[in-house]
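Put together the whole structure using the sequences plus the hints.
2 protein chains.
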Amino acid sequence: MALVVQKYGGTSVGDIERIKNVASRVIATKKQGHDVVVVVSAMAGETDKLIRLAQQVTPNPDERELDVLISTGEQVSIALLAIALKSMGYDAKSYLGFQIKIATDSVFGKARIMDIQKERIRNDLKENRVVVVAGFQGIDESNNITTLGRGGSDTSAVAIAAALEADVCEIYTDVDGVYTTDPNICEKARKLSKISYDEMLEMASLGAKVLQIRSVEFAKKYNVPIHVRSSFNDNPGTLVCKEDREMERVVVSGVTYNKNEAKIEIMHVPDVPGIAAKLFKPIADANIVVDMIIQTSSTEKGFADVAFTVPKSDFSKTLQIVKSSLKEIGGKEINADENIAKVSIVGVGMRSHSSVAAQMFSALAKEGINIHMISTSEIKISCIIDAKYTELAVRALHDAFGLDKPEVTEER
Amino acid sequence: MALVVQKYGGTSVGDIERIKNVASRVIATKKQGHDVVVVVSAMAGETDKLIRLAQQVTPNPDERELDVLISTGEQVSIALLAIALKSMGYDAKSYLGFQIKIATDSVFGKARIMDIQKERIRNDLKENRVVVVAGFQGIDESNNITTLGRGGSDTSAVAIAAALEADVCEIYTDVDGVYTTDPNICEKARKLSKISYDEMLEMASLGAKVLQIRSVEFAKKYNVPIHVRSSFNDNPGTLVCKEDREMERVVVSGVTYNKNEAKIEIMHVPDVPGIAAKLFKPIADANIVVDMIIQTSSTEKGFADVAFTVPKSDFSKTLQIVKSSLKEIGGKEINADENIAKVSIVGVGMRSHSSVAAQMFSALAKEGINIHMISTSEIKISCIIDAKYTELAVRALHDAFGLDKPEVTEER
Chain A
1 MALVVQKYGG TSVGDIERIK NVASRVIATK KQGHDVVVVV SAMAGETDKL IRLAQQVTPN
61 PDERELDVLI STGEQVSIAL LAIALKSMGY DAKSYLGFQI KIATDSVFGK ARIMDIQKER
121 IRNDLKENRV VVVAGFQGID ESNNITTLGR GGSDTSAVAI AAALEADVCE IYTDVDGVYT
181 TDPNICEKAR KLSKISYDEM LEMASLGAKV LQIRSVEFAK KYNVPIHVRS SFNDNPGTLV
241 CKEDREMERV VVSGVTYNKN EAKIEIMHVP DVPGIAAKLF KPIADANIVV DMIIQTSSTE
301 KGFADVAFTV PKSDFSKTLQ IVKSSLKEIG GKEINADENI AKVSIVGVGM RSHSSVAAQM
361 FSALAKEGIN IHMISTSEIK ISCIIDAKYT ELAVRALHDA FGLDKPEVTE ER
Chain B
1 MALVVQKYGG TSVGDIERIK NVASRVIATK KQGHDVVVVV SAMAGETDKL IRLAQQVTPN
61 PDERELDVLI STGEQVSIAL LAIALKSMGY DAKSYLGFQI KIATDSVFGK ARIMDIQKER
121 IRNDLKENRV VVVAGFQGID ESNNITTLGR GGSDTSAVAI AAALEADVCE IYTDVDGVYT
181 TDPNICEKAR KLSKISYDEM LEMASLGAKV LQIRSVEFAK KYNVPIHVRS SFNDNPGTLV
241 CKEDREMERV VVSGVTYNKN EAKIEIMHVP DVPGIAAKLF KPIADANIVV DMIIQTSSTE
301 KGFADVAFTV PKSDFSKTLQ IVKSSLKEIG GKEINADENI AKVSIVGVGM RSHSSVAAQM
361 FSALAKEGIN IHMISTSEIK ISCIIDAKYT ELAVRALHDA FGLDKPEVTE ER
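Taken in sequence, the protein lines are chains A and B. All residue numbers for the first sequence refer to the working numbering, where the first residue is 1 and numbers rise by one. All residue numbers for the second sequence refer to the working numbering, where the first residue is 1 and numbers rise by one.
To be clear, the hints were calculated from the coordinates, so they are not data collected in a lab. These numbers were taken from a predicted model, which means no experiment stands behind them. Just to be clear, a hint being listed does not mean it is correct.
Note that the list lumps identical chains together, so a pair holds whenever it fits in one copy or between two copies.
[Said to hold, decoys possible] Derived SDA-like pairs: lysine to any residue, alpha-carbon spacing no greater than 25 Å straight-line:
# : residue 1 : residue 2
1 : Lys118    : Asn144
2 : Lys20     : Glu63
3 : Lys101    : Glu63
4 : Lys101    : Tyr222
5 : Lys126    : Asp140
Okay, here's the thing in structure tokens:
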């Protein structure tokens with residue numbers, strides 16, 4: 001008998017039939033003898049609908065009130081699921097953030113969970129009750145409703161699993177696991193049976209949209225195993241867990257891409273201390289997150305070229321800032337390019353394998369793909385290339401690292 | 001400078017434009033120098049939509065969870081109104097039942113307000129903030145969400161006005177006040193400028209749907225003046241307040257009707273003690289509310305005829321019960337009639353005028369309308385007649401008591 005936290009996303013509770021389907025899944029888990037805590041999102045499309053309502057009032061709705069508004073989506077879901085469970089003969093009780101309670105800070109729209117009280121949940125479980133918790137929401141010190149940001153229900157589920165020391169946190173979604181790469185681009189993409197927290201973090205932040213990044217950070221911190229699976233079938237999904245020896249044998253676990261960045265280059269900048277600070281401080285002050293930065297020697301001695309990437313949505317704003325500080329920096333020329341993409345390979349096995357980068361570069365070279373920028377971390381290598389080569393690059397890398405082949409060991 | 005509680009019903013906040021209109025009205029009141037607490041209902045149709053969702057899951061949804069579900073309607077309204085107020089430059093804050101808090105008993109679906117904490121509201125008002133409160137909902141001892149029953153937002157508003165000792169509780173609705181009778185039936189119907197709590201209670205329970213009965217009871221108990229008015233114009237509405245001398249001069253304030261009752265007669269029942277108890281106990285046990293009861297001597301000595309009315313929705317159930325106990329009671333025959341209506345005249349002035357009943361009966365007789373049953377209270381006389389005469393009876397009574405003529409005194 002285990003304690004299982006299950007989280008169902010918006011598409012899994014998208015209509016009444018699907019909510020009943022979720023109830024059946026929960027009951028099946030109960031029948032296996034497990035205690036179940038269920039965390040649900042708003043019905044698919046509801047949160048967007050509520051945001052649109054607010055924006056009909058004003059383009060910039062008050063953040064506290066927006067959280068009051070959008071948190072109703074999950075409230076509807078938990079009530080309907082609890083009604084379904086009770087109508088199917090299983091005792092259940094729904095809880096909102098303030099009832100549990102799920103204490104957060106006061107940053108409306110992207111609050112962070114500080115603490116979760118477990119007494120009420122524990123008591124219900126003891127009485128053989130299914131506990132249904134509203135995802136995405138919490139309550140701050142002054143009893144204001146807060147929300148955790150898009151995908152926040154994942155984080156709610158993992159945090160509850162952590163607080164209850166649950167055996168596993170199952171995240172049900174509309175895909176049946178984490179893939180080696182995007183199956184829409186590369187038909188050889190294969191579902192991973194296991195992936196480490198760190199790899200998942202890299203995958204998530206590089207563009208794979210399966211889990212909210214913060215939920216993975218939470219899971220890593222409290223060592224909560226996450227099982228990502230589909231609510232529409234019974235296939236085993238992907239287990240996101242602590243790194244183990246088996247994983248290290250695999251050099252590369254996945255290939256990801258991101259087309260939402262743009263590149264800015266400043267040519268012929270005097271290579272003196274303080275230049276980088278002068279360049280990047282006003283950008284940071286404008287709340288723009290710079291991703292990759294590289295600096296190379298210019299053709300003329302004593303000068304350098306600086307290149308960096310920012311989200312496309314901040315591209316024009318960044319360009320303005322750079323233009324206005326060009327004189328102060330002493331740069332000669334600005335090159336800007338929106339038609340770029342970032343392709344990355346991720347894998348904890350990289351740490352102990354020296355030739356991975358070279359292998360990546362030659363795989364891209366073989367396809368005639370020019371690399372504009374490179375950035376590496378312990379378990380990831382990213383290359384900026386022309387956007388038009390994205391799909392080709394992803395497939396080439398997937399092949400080069402043999403990601404279509406089954407993992408060495410399959411026992412779990 | 002006064003403290004004004006304003007309540008806006010579902011049609012008044014039916015869409016974004018109307019919510020903005022409500023915000024403008026609130027701001028206009030603020031500009032007059034008043035403190036404002038606003039209580040809002042769910043947007044028109046929302047509560048029904050949520051109930052339908054639950055009934056798609058099961059015909060008898062769990063009551064606790066149903067309250068979790070339907071209380072979201074008001075949550076959406078308060079957030080949108082607060083967003084509108086802030087976007088128009090006025091500080092505002094929305095509150096749910098648990099945040100205020102509005103303490104109720106635990107009878108889900110028709111909870112009663114026990115206590116309202118006023119600290120948070122008082123503090124906000126001191127800081128010149130508009131306080132926006134979700135109507136219809138409260139919180140029980142165990143932090144469960146409760147709702148107050150249909151029309152419950154009226155009661156929320158009056159209870160908040162009572163707790164804060166507000167100067168007036170304005171109830172905005174889609175009609176501009178309380179009328180002498182239904183204007184759809186009688187074109188001479190006239191808006192009352194004033195009506196006493198007791199009259200309003202009789203009017204409400206007799207079929208005028210302007211205010212939830214419980215809100216009037218609450219207002220009477222705590223002496224909260226209610227101003228019923230339209231949110232779509234600036235006309236003065238009707239003041240529901242303590243009885244005064246001026247009101248007593250008016251004999252009849254209104255004519256009401258109710259077509260939702262049915263009549264059951266049991267003929268030739270032995271006139272011995274305990275018969276009434278035997279007849280009505282099983283009906284009460286089935287949770288059926290009997291309205292009028294009359295007992296008359298039967299043609300044969302030592303026997304009586306008993307007649308009573310029940311809501312049409314309970315008619316067939318009641319008939320079954322009566323049939324099954326007919327033998328025990330010793331009755332001879334049952335007459336049942338669904339085609340009846342109750343017409344009533346209401347007025348505090350009746351107390352000091354002896355001829356009102358006779359006047360009513362002769363007005364009906366003049367139109368050839370036969371009276372089946374009569375029941376009276378201190379300030380009300382009701383007659384059961386054939387349903388087909390309802391409209392005719394209402395118009396005849398309206399004329400007979402001169403309700404189309406302006407009230408004696410108009411100063412307020």
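Here's how the hints hold up against the structure:
Taking the shortest Cα distances, Lys118 and Asn144 sit within 25 Å of each other both inside one copy (20 Å) and across copies (17 Å). In this assembly of identical chains, the alpha carbons of Lys20 and Glu63 lie at most 25 Å apart only when taken from different copies (18 Å versus 33 Å within one copy). For a Cα distance limit of 25 Å, the shortest separation of Lys101 from Glu63 qualifies both inside one copy, at 21 Å, and across copies, at 22 Å. In this assembly of identical chains, the alpha carbons of Lys101 and Tyr222 lie at most 25 Å apart only when taken from the same copy (19 Å versus 35 Å across copies).
For the identical chains of this complex, Lys126 and Asp140 are inter-copy neighbours only, at 23 Å across copies versus 28 Å inside a copy, given an alpha-carbon limit of 25 Å.
In terms of the numbered hints stated before, the structure departs from none.
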